[in-house]
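Chains as they are written, first to last, in our numbering: chain B, 1 to 632; chain L, 1 to 341; chain X, 1 to 353; chain F, 1 to 164; chain Z, 1 to 114.
Quick caveat, the hints were computed from the structure, so don't treat them as lab data.
A quick note: this is a predicted structure, and the numbers were derived from the prediction, not measured.
A couple of the hints might just be wrong.
[Stated by the list, open to error] To give an idea of the interface, some chain L residues facing chain F are shown, with a C-beta separation under 8 Å as derived from the structure:
| # | residue |
| --- | --- |
| 1 | Arg-163 |
| 2 | Asp-164 |
| 3 | Lys-166 |
| 4 | Arg-227 |
| 5 | Glu-235 |
| 6 | Asn-239 |
[Unchecked claim] Cβ-Cβ distance ranges computed for the label pairs, FRET-style:
| # | chain 1 | residue 1 | chain 2 | residue 2 | range |
| --- | --- | --- | --- | --- | --- |
| 7 | X | Phe-252 | F | Val-62 | 32 to 42 Å |
| 8 | Z | Asp-29 | L | Asp-202 | 49 to 59 Å |
| 9 | B | Leu-373 | F | Leu-138 | 48 to 58 Å |
| 10 | L | Asp-294 | X | Phe-252 | 53 to 63 Å |
| 11 | X | Glu-94 | F | Gln-93 | 44 to 54 Å |
| 12 | X | Phe-252 | L | Asp-50 | 43 to 53 Å |
Glycine is no exception: its CB is placed at the ideal position from the N, C-alpha and C atoms.
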Amino acid sequence: MQFDPFVIPFNIGLYFILIYVVTRSVIWFHDLSKPDKLRLQRGFFGLAFGLSLKEIFMESLIHRKILKTNLRLGYMHMSLAFGWFLLILFGTIEADIFGAKHLNAPYKAIFFRFFNPDHGRMGFEAAYGFLMDLILAFILSGLVLAVTKRFYSKVVGMKKTTRLKITDKIALTSLWLIFPSRLLAESFTSGAYGTGSFLTGSLGSWLATFLPAQQMAYPFWWLYSISLGTFFILLPITRYMHIPTELFLIFMRNSGIKTGDQAGTYSEVQTYSCSSCGICIDACQLNFSAGITNIQSAYLMKAIRNNDDVSGIADNCLMCGRCDQNCPVGIELSPLRMIQRRGGEAVYDIRNIYKGYFRSRQTIVSEKAIGSLNYNFLPEPDQKKADILYFAGCMTHLTPTIKNSMIKILDASGVKYNFMDEQGGVCCGRPLMLAGLDKEARELINFNSQMIWKSGAHTFVTSCPICYKVFKESYYLDVEVLHHTQFIKRLIDEGSVKMNFLHKKVVYHSPCELGRGSGIFDEPKDVLNHVSRLEKCNFEDENSLCCGGSLANMKISSQNKKKIAFDAVNELTKNTPDILATACPLCKKTFSAVTETRVADISEIVAEALIIKPLKKISGSNITSIKELANI
Amino acid sequence: MGKHVVVIGGGVAGLEVAGQLSKVGIQVSLIEKDSKTGGNLNKWYKLFPDRRKSSEVKEYLNGITANDGINLMTNTSIEMFNRHRDHFSIITSGGRELIADAIIVATGFDLFKSARKEEYGYGIYDNVITSADLEEMFSRGEISLINNTIPEKIGIIHCVGSRDEKVGNFYCSKLCCVTAVKQAIEIREFLPESKVFCFYMDMRMGGVFYEELYREAQEQWGVSFIRGKVSEVSETIDNQLLIKVEDTLAGRPLKMKFDLLVLMAGMEMSEGGRKIAGIGGLRTGENRFFAANDNHFGSNISNIEGVFYAGTCTAPMNITETISHARAAVIEVIDYLKDSN
Amino acid sequence: MILAGKKAVWKDYQKEIAEDKYYYVRSCVRQNFFPGSETAFLKIMREELDKDVYENPCHTSCTGICYHSDIVPVETTMTVVARQFALMTEAGYENLMPSCITSFGLYTEILDTWHHFPEIEEKVRRQLKKATGREFKKPKNLAHASDVIFKFRKEIGAKAKYKLINKETGKPLKVVDHIGCHYAKMFPSKGVGGAEYPYVLTGMIEEWGGQIIDYPERRHCCGFGFRQYLVQANRGFSVACSKEKFESMRPFKPDMIITNCPGCPMFLDRWQYVINEMEGKRYGQNGEGIPVFTYEEVAGLVLGYDPWELGLQMHQTDCEPVLNKIGIDYSPEDKYNLDISPSYSKKHNLINV
Amino acid sequence: MSCKTRCPRGNAPGLIIMALRSLSQDLGYFTESEKGRQQLALKRTVGHWMITYGYCLYLEGVGTSMHPEQGPVWDWIQDNWRDVFKKMGANYQGDGPGILRRIPEEAMDEIREIFKVTGGMKRFENIEKFSKKKAKELNMKLDDGIENEYFQHIYKTNNGSHTR
Amino acid sequence: MDKFGFTISEGRQIDYESNDRRIAEYIFDREPSFRLCIECGGCSATCTTGNFTDFSLRELNILIKRGENEQVREKLKKCMLCGKCNLVCPRGVNTRNIVVLAKKAFQKSDEYAI
């Protein structure tokens, strides 16, 4: 068995990281809740296994998603990840073919050139050597991009790059040293023996001309081994922990595990899968409009891992979901942030590095039992019977044109409806949840649910996407919950409302909670297409900009809100539409404060275009006078 | 033009009138009861809303009156004046007699004598001072209590002697609110450790940049504003000042102790003004200021032909308004003198 | 404290007080709680100052307490007061001198109302004529009994046997003055020294050697408030007012309290007892209460009258600490002795008999 | 009446309250509130003494049962009422001037006449009438004097909501 | 109530000196716009909870500034955090964050466990 002392650091690092990853995975698996364990087992041995492998290949190695959004950044990551994988793969095969035995110790494969500098220059060996050099060149090209990005991030089209901590920096330098040291080591050795392909060979022979190649090679092999060793040892406490964790994450995700409301293994795995790549920083409007650059998801993940004071970061975010959309690793960033908000300041502190390796799962401060109910002043919920319930929501009461338009549309459509919160009802509870106060929100949810059950309605329409999302996800109603754009679309399809065509150029801003938050993109646009000339804008659907007025951000000052709104509206009204349409009262109020263009809710546009045909007498109810209907 | 006009009062209005008249070549006699001109401006250190030094305005006024067309008569007041067919004969305190074609009364205002508001204890408790005293402290460059320690908590009481039936002044003096905010900022700037509280009935910040000053006082200087009219002040055993007020917006009575209390004294018709009104039979309004002939287009004209008003002797005004009112008086006089010959 | 400032204020509020020939009207509360004071007052006026003080037996209460408790309409009160003026006019007197502050406040208010609304005066005249057939003339001068004592404080001071000075330390007694609310608060110009710094009691105390304390809550009401006390359910408000005063005067360590209204001495005295019973708090030095006096009692003490004749034994808070400080010789064992036989009275040169 | 001294617009809030109370008694609304009902207690004590004895306060026989806060000295005074007042030089229930004298009957007749003419009696009857109606409503016994259930109720209850 | 039949009523006076203003300081440091409030009542006019009770955010802000923590703790629970007050405030005060910070302040200070 050929052996040389310089391989020792590498071995130590390798065995350490292997054992660490295995034990960590076991701990994570053990901490999983019962159903999640079953899901994972079924996923591991079922269809999801193939899916996961494909995704590991496409995402962890090729980084397809980053390539799609940012080619150069994608190439950088691919070259490092995929390149290194190929290097290890073909290195082992090389050791297997050319080495003495088939099954070699890992160090043999990695340092093969040292142990077997010359295994022929002809035909197949040369081609193989060429292949190894090609892979090495491929990695080095990515490395050059990575180094320049650190100092001049424009090179990869990134406005900002993540600030790093000390341990991150040491790990980063050791990573950067690995491949150059391999290059030099192999070049010197091949220089000494005249072997090596186009890269290592030519470099080696050039160096050998004026340097004693043989003696020079050995220290570089040491450097190569030490940098690998330090990298592996530091890996668990740096952002590179994402390399092993992401594999685990992909398997968990494909077997259907979700983040849920409380911190758990999945949320921790996601926290460790974050590679601090900085893409979420670029996507964040707080960054490029308001100049706030310390609260983005990358920093949140790091803060959780280093257990700093999280509330400052967690609370200062619009929860618009743009970072979720752009995260190449597919981490559910908003739910993780909500967990932090719910937990308030988690009460534990693990400072020293040793504990960083095996952090106990994040314990959340249990809510102090709140004595009396908060909202016991609410009256006994009761609601007249109706098929359809219309719930305007708090914000719509501050934008009455939306409320009146909806009344006009509902009356014109002749459906039997009831305006649930005409006298200013009770809040839907979502703002409380956004502030992490779920217990209080539950009280409001119960009150509103009883109101809806008592009305016996089968359809529940609301104007505010913030309400829509909470009614849809947290209310467990056996009632069909619709946003008013969906309801209007249905009225159009059923033909119960007729509309003129407004010759107006309209741009649609998709509200975060409706689009990204609840997945509704098409109905609003269909309605707009039906009524007016809908124009494209370069921030469509999933990529839509946040208006800045979001309730989720409690910390932002009114000046910063205006900056975000101003940038967003300038973007949306670039080709001067007649109307900037939106489907949320809050977006409407925020935008109309910063632009001259008319900002209108879709219901307003529909109400404007409405043709009011004389109402056929509906048995039992008196005909509402036309004048009354028309006075919007 | 060879005309001679007597200007009574050497304050801001008087100086401006004299300066403008002399520009037009009219002979002016400026009569000032004090030893030097400037009137109330001398008592003020910095002016709202931009806190510029009052000496700058003084320089401007001295500049326009530094010509021999003006016969300045200090330490003199008017004993008697009566109207003849086309001129006035005026007897001054020095016994001299002046013949004038027109008279401009610019007797200005006096600060309300805060002692008359007994319940606030001005002149009875040690550390109760008026806005003028505070301004004087600013000019001296040190704010200190009677036992010259530095005050920590300072209260400012608005509407002292204005909008108050108990002292006979129903009107609002318009400028005490903005002065209070200015002085609050200056105190906070001067004593960074201090806490300043303003007690107001209504914040009347109507002038240009007044509201911005109000916002700056809150945002940058952390001045607190409490809505409630202070009913009485008394001295505790460790001679702090205890005030009793109702925090009307909380609907609760409030008891607070202060080291220093500043009373925002209102503006009243001046001593000299009332005397002139008596001698000359000039009509004064219910607020005891001179009653202008017409509130819209005759605010400089008095009820006696040839006698005109300029400045704060007709109503509370800030310096900008006083100067424009004075310039208006000059036009009225020129107009009057032109058609009188 | 700048005394000159206060003196300037006092100068503004000079009040015209009649010289002689007073028509004295008694106070219901004072007769029930401090009879000794009224007797001493008449003795001082008649014997010490030999003034003509006439008192009409047919005089009744001015219904002040009923009016302020709103169970008597204002016209009724005005007509009753008009009847009193009629009695005064018949007796040939013009200087009305009420012993009660509420009456004084009521007379001032009624005269002021008649001044502004003469038609009401006419209506009252008609009603009085209809009810009693009497005619009345308004009093020429209205002065409260304490104003009169204030006016002759120098004469009383001259005859004084004792001074309000602490015998051992030689320092003047620290005295808190409490002025009845209806004395000057409704019409500041009608009170000596105005409503903020009333001088009527301060003048007496300074004249008789004491030193006045100016404490933050000096103008706070003692808490009588008529229906606040008369109905048991409301007495919580009443005692809270006095407590506010005591808490505020405590740091100044007063030796005694002097009042010029019939209700205040009773309340400041009784509420100290109640607060001690309820909260075990004592406001005087070394565990005693602060003795409370009417101005007549203080005048009597200064003139050397026997404390038990002045009625000090009717106080709940013992007055002995002040008597000892001033050094008045009195016989503690006779405190509750009700003997008024000639022999006893000669031994103690009693006055009331 | 401290409010009158302070109002910068010259109002007297205290007098406004007195006017409102008079109005509420004339119209009978006073029995609707706890403090309003207390007017009967005042009428039967102070009002009664006024038109019977001519004094607003006639405390002979009014012991510490109704006024515990008067303290032990009041018990002593009550026990020796006549002697104490003699000692104080009073002319207790005597004719002619003096402390707590008996006010001649014709003076009292004049006072009662004034009360009749000027509406004083009418208000007393009003207070009694509406209080009786209220007592029936609350089904509490209310007959003359101060020992009955309704009187003690209004004299003592304080629902504590006034000092929130 | 023992033998007297009444108790001494508590004064409703706010004693500024003896009140504990740590909660107010906590909020002022983290939400500087709190200083801009001119207590105009716009927020309490539009308040959803204000529709059902006498809850007034204007009054709550004042009580916080005056250090009346007992009352603040009680009233604080009623807010639904719906954020309408933020939209209405003429001075751009981040009213919603003040309520959230107040809740957190109370949670942290153990004596006032909410």
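Margin query: To test your reading of the hints: which numbers does this structure violate?
Written below: Of the numbered hints, 4, 5, 6, 8, 9 and 11 do not hold.
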